[in-house]
Amino acid sequence: MSHSENAGHPEFEALIDSYLLGRLNAEETERFEKHYFECPECFRLTAERAVLIDAVKAAGPAPSAATRPARGTAGYRRFPFGWAAAGAAVLLGAVAIVLFLPRRPGPPAFTDSGNRVVRGGALEIVEPSGLLQKMPEKFVWRPAAGAAEYMIIVEGIDPVWTAQTRDTEIKIPAEVAGRMAPGRLYVWRVKAFSAEGSLVAASPAVTISIAN
Amino acid sequence: MPLPPSETDLDEVVAKFRPIVGFKIRRALGGNNPDWEDLTNEVLTQTIEKVKSGEFRGESKIGTFIYTIASRRIVDYIRDKTRIARRFPVESDSPSAQDRLEAEERLRDLTAAVLALPPKYREVLELLYYREMSREEAARRLGLSPARVSERVHYARKLLEKSIRRAADSFSALPPD
Chain A
106 MSHSENAGHP EFEALIDSYL LGRLNAEETE RFEKHYFECP ECFRLTAERA
156 VLIDAVKAAG PAPSAATRPA RGTAGYRRFP FGWAAAGAAV LLGAVAIVLF
206 LPRRPGPPAF TDSGNRVVRG GALEIVEPSG LLQKMPEKFV WRPAAGAAEY
256 MIIVEGIDPV WTAQTRDTEI KIPAEVAGRM APGRLYVWRV KAFSAEGSLV
306 AASPAVTISI AN
Chain B
1061 MPLPPSETDL DEVVAKFRPI VGFKIRRALG GNNPDWEDLT NEVLTQTIEK
1111 VKSGEFRGES KIGTFIYTIA SRRIVDYIRD KTRIARRFPV ESDSPSAQDR
1161 LEAEERLRDL TAAVLALPPK YREVLELLYY REMSREEAAR RLGLSPARVS
1211 ERVHYARKLL EKSIRRAADS FSALPPD
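Residue numbers (my numbering), protein chains in the order written: chain A, 106 to 317; chain B, 1061 to 1237.
Don't take every hint at face value.
As the list claims (entries may be wrong) - Some, not all, of what chain A presents toward chain B, calculated at C-beta under 8 Å:
no.	residue
1	L129
2	A131
3	E138
4	K139
5	V156
6	A160
7	E260
Just so you know, these hints were derived from the structure itself, not from any lab.
Note that beta-carbon positions come from the ideal geometry of N, C-alpha and C, so glycine has one too.
Let the sequences and hints guide you as you build the complete structure.
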């Protein structure tokens, strides 16, 4: 018997992905949350979607999707932006494969979605952390042994920013700083990858907030 | 005039709302912030106190009432992060180490099930939830209609139904690491 269709509140179900991926605005989020506080079935669907998303993130990228060009079917264009972009997309896909090696089927050696323990080395954060007087200019961390590249992830109630660098610090771009508001909590962390693309170290999540 | 709530009623309310409050608070605080458990206990304790004191009389829905308490507690916490919540009496219902291990294991099982999916189902999940594309972007990428993408996601979820259900049931008790 399928439990995946909630005949009761289809307009709610249509928003579950948007809520979990941080696409709803504050008003929509409040309405959505108030509903699942009242409706056990809708809460169950939301919680189930949340674990699925955790698992998909832990499973990592599927390399076939990274390099496969879009298949043509009537009405759907292959590469709307031309061959130069197609070449760039394949190159980025190839880089993505180098950075994130495909995992063999079976339980992963470790999981690295935001809520799970990342086994492996610890990566030490330098700054910023805690309550800040103003918007930070950059994020800084200590080098990790064996690391060729680092990925920084910044999250609030909505995901804020992800970027990669070979340095052990990264400046916040103006448009990212512009999205971060005083009085709200943000969490940032860094993952270190070897040249072969395997995860070698991860920092704990550090909470920051900018004073009003 | 409604009867005052019995202890059983209140236990039921706590048991019913613990996963819901915990879920909202964890999302608000971010994945690795361990304070969510204490805040959840605070919210549930406050709820019990307000019901017992008569502040909540059943004139609105209790879910909305608890939502409001949770929202306010989150705002207070954000404003004053240095004040870590103290231990509260309902904590005896908090997840045990056993619960945590089980929840971790079930998520690993679900992850393994995702990895084992036939590629065309794995790839729609990956585009929508790992790369966080919109349905339309994923459709363009795969050369499918958006409706077909939705169908595949639905079917993928059906294939994973049992593992999802088991992981979600233990997720209610899931703490951060």
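Looking back at the numbered hints, which does the structure fail to meet, lowest number first?
1 and 2
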